[in-house]
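Residues per chain, in single letters:
Protein chains: 2
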Amino acid sequence: MKQKITIKTIAKELGVSTSTVSKALKDSHEISKDTKEKIQAYANLYNYKPNHLALQLRNQKTKVIGVILPKIVHHFFSTVISGIEDGANKKGYNIMVCFSNESYKKEVETLKVLSNGSVDGIIVSVAGETLENKDFNHFKGLVSEEIPFVLFDRVVDEILCDKVVVDDVGAGYKATNHLLENGRKNIALITTPNHVNVGALRRQGYEKALIEHYIKTDRDIIVEIDEKKPLKPQIAKVFEKEIDGVFAVNEIYAANAMRIAKERGYTVPKDISIIGFTDGLISEYSSPSITTIAQHGFTMGQQAVDLLIQRIENETADFKPKKIVISSDLKLRESTKTL
Amino acid sequence: MKQKITIKTIAKELGVSTSTVSKALKDSHEISKDTKEKIQAYANLYNYKPNHLALQLRNQKTKVIGVILPKIVHHFFSTVISGIEDGANKKGYNIMVCFSNESYKKEVETLKVLSNGSVDGIIVSVAGETLENKDFNHFKGLVSEEIPFVLFDRVVDEILCDKVVVDDVGAGYKATNHLLENGRKNIALITTPNHVNVGALRRQGYEKALIEHYIKTDRDIIVEIDEKKPLKPQIAKVFEKEIDGVFAVNEIYAANAMRIAKERGYTVPKDISIIGFTDGLISEYSSPSITTIAQHGFTMGQQAVDLLIQRIENETADFKPKKIVISSDLKLRESTKTL
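Chains Z and F, in that order, are what the protein sequence lines are.
Each residue of the first sequence is one higher than the last, beginning at 1 in my numbering.
Each residue of the second sequence is one higher than the last, beginning at 1 in my numbering.
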């Protein structure tokens, strides 16, 4: 596809501001006849097609930020929303949250709805299906239309935009290392399919910790959960081998692993230590309570919205995408207590 | 305030459709000169002021539904969103969710953002502060602008609109009665302040059940939680008296009551039976698992969005607000098991 010429390019080439270009193209009386003619001629020459939606987006500030999340019922995303809300409110913005339900089609549709001028910018965590398909044209469209947007948590390297991520490799390493240092040797991993990149990265951290302790990865005690099938039988599979530790990449997997361990007569943490991910209420209210890797969703949300608002409010600045990496902490609870 | 004349009134008075009125007022070529003159004269006579936002809302379908919720992190509201999503998707609508954070000001602002033409209709559960202040002019504005909207769960009787509610008195009665029939006599109630009407209604059900069993209400074992203060010491207060049952109006209160009971050496359910509200994951994964009143949030969401879409798509129909009452079920688990 031929590179589309944008208002920004015209402004740069002719040494004027983007707002001058925008006004000139709308034949505004605020701009001198000479400048208008020059800009309009240049735009014609390079076949500039105004993107009306993007224009509207740039010119009519709505003071609203759109957010697209892959899931509705998920504690981590709730805390991210709280962080986005908090950061947005401090700067006088409201937020609108939409859900892709992990569907590519829904994500494309929702992006269209939000970028029709109802919001000043968009924050997205990418849908599972999109990551699987590797079709990111809808995001590339945002980039070329110069619509401010930020990806968080589930990000895609090849999209040039601001990003906020958790240090997932580090988190997986921290969790596994904690179990190893407590003397655990046969540590099961309950993770997502490989195309969900955060799961893949946490697995790298898990494998790194094992290697450092000279332990060979055992494929039989690693399970990639298919969310379309019942959870429990899939998790139960790792209990067919002798295990003394479980690292689960979210708290629902961890809580289910604990249930199965109890049902099979194990005592947690005496016989098996369990560690989850996302510091939600289930981990806190489980009995025993579950040690987790706290993802700092609130901080992530705040950072994402801060980046976005900077982008919205400094439009003429040079575009150099930023990436913020948030490190995660171990939240020690009963399920990994050393006895 | 003088009653504002609307397109609907003009249509009714002149025996034409609302779309004819709307087109005539915009001087559309689709309408005959005679009809246009008649309608425009009538509008002038009664000083009709077109509400451009409302007009835009009516004329430009966005196929988007706005939702305003009082809280972000709350399992019940998550299930309601799922239900709204499901119902909306089936009819080709997308949803956008905003949060009032229990604040009156935020609710008014958000309502303004959504009713500026970005959505075809709005679903709201009223903020705590609004219920406390009893200032409902922002909702009355929606009614007079004929913007389709539905209230759910936390509704206000005096606003003339469609409503979806849970049978809260019945639910409180069911929960308390279940404890009484298991031989419990000193049943604590952990509820919200009285201005949150759902809490007040559940309390009515609690008191009704006690009366039927000839038990006098004991003010010392009823606590109205102030969400701005730490939860645990407030709940602990009811344990200063001899109690053998707890009815909590949400699952966080119930889970905390169970913790306090355990810390004080009680065994649940042998010594104390506990029953919560909202069938969330905490109740399911607690140990022992907690009996709850399932609110059917998913069904509520579906019903709310069905009512709204009917209203959006049949604009000329006579307006008679509907109220749907959803009954709730007891979900028996370990915390009230009879031994």
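For the record, the hints were derived by calculation from the structure and aren't laboratory data.
For clarity, every value in this text was computed on a predicted model and none was experimentally measured.
There may be inaccurate statements among the hints.
[What the hints assert, rightly or not] Covered stretches of chain F, as calculated for chain Z (at least 3 residues, CB under 8 angstroms): (1) 98-105; (2) 278-289.
[Claimed, not checked] Within a straight-line C-alpha distance of at most 16 angstroms, the following computed EDC-like cross-link-like pairs (lysine to aspartate or glutamate) qualify: (3) LYS71/F with ASP86/Z; (4) LYS63/Z with ASP86/F; (5) LYS90/Z with GLU284/F; (6) LYS91/Z with GLU109/F; (7) LYS232/Z with ASP271/F; (8) LYS262/Z with ASP244/Z; (9) LYS71/Z with ASP86/F; (10) LYS90/F with ASP86/Z; (11) LYS8/F with GLU313/F; (12) LYS91/F with ASP86/Z.
All residues carry an ideal CB built from backbone N, CA and C; glycine is no exception.
So, going through the hints one by one against the coordinates:
Counting residues of the segment 98-105 of chain F whose CB falls under 8 angstroms from any CB of chain Z gives 3; the rule of at least 3 is met. With a cut-off of 8 angstroms between beta carbons, the segment 278-289 of chain F has 5 residues touching chain Z; three or more are needed, and the interface restraint holds. Note on LYS71/F and ASP86/Z: the hinted pairing holds, with a Cα-Cα distance of about 13 angstroms set against a maximum of 16 angstroms. A hinted pair counts as satisfied when its Cα atoms are at most 16 angstroms apart, and LYS63/Z with ASP86/F does not qualify at roughly 29 angstroms.
With a C-alpha separation of about 37 angstroms, the suggested pairing of LYS90/Z with GLU284/F is violated against the 16 angstroms cut-off. Taken as a hint, the LYS91/Z and GLU109/F pair is honoured in the structure, with Cα atoms around 14 angstroms apart against an allowance of 16 angstroms. With a C-alpha separation of about 32 angstroms, the suggested pairing of LYS232/Z with ASP271/F is violated against the 16 angstroms cut-off. For the hint linking LYS262/Z to ASP244/Z, the alpha-carbon distance of about 13 angstroms falls within 16 angstroms, and the restraint holds.
Using a Cα cut-off of 16 angstroms, the hinted pair LYS71/Z and ASP86/F holds, with the two alpha carbons roughly 13 angstroms apart. Restraint check for LYS90/F and ASP86/Z: the C-alpha separation of about 33 angstroms exceeds 16 angstroms, so the hint is violated. Annotation: proposed proximity of LYS8/F to GLU313/F holds, straight-line Cα distance about 15 angstroms (limit 16 angstroms). At most 16 angstroms may separate the alpha-carbon atoms for a hinted pair to count; LYS91/F and ASP86/Z exceed this at roughly 33 angstroms.
Hints 4, 5, 7, 10, 12 from the list above are not met by this structure, while the remaining hints are.
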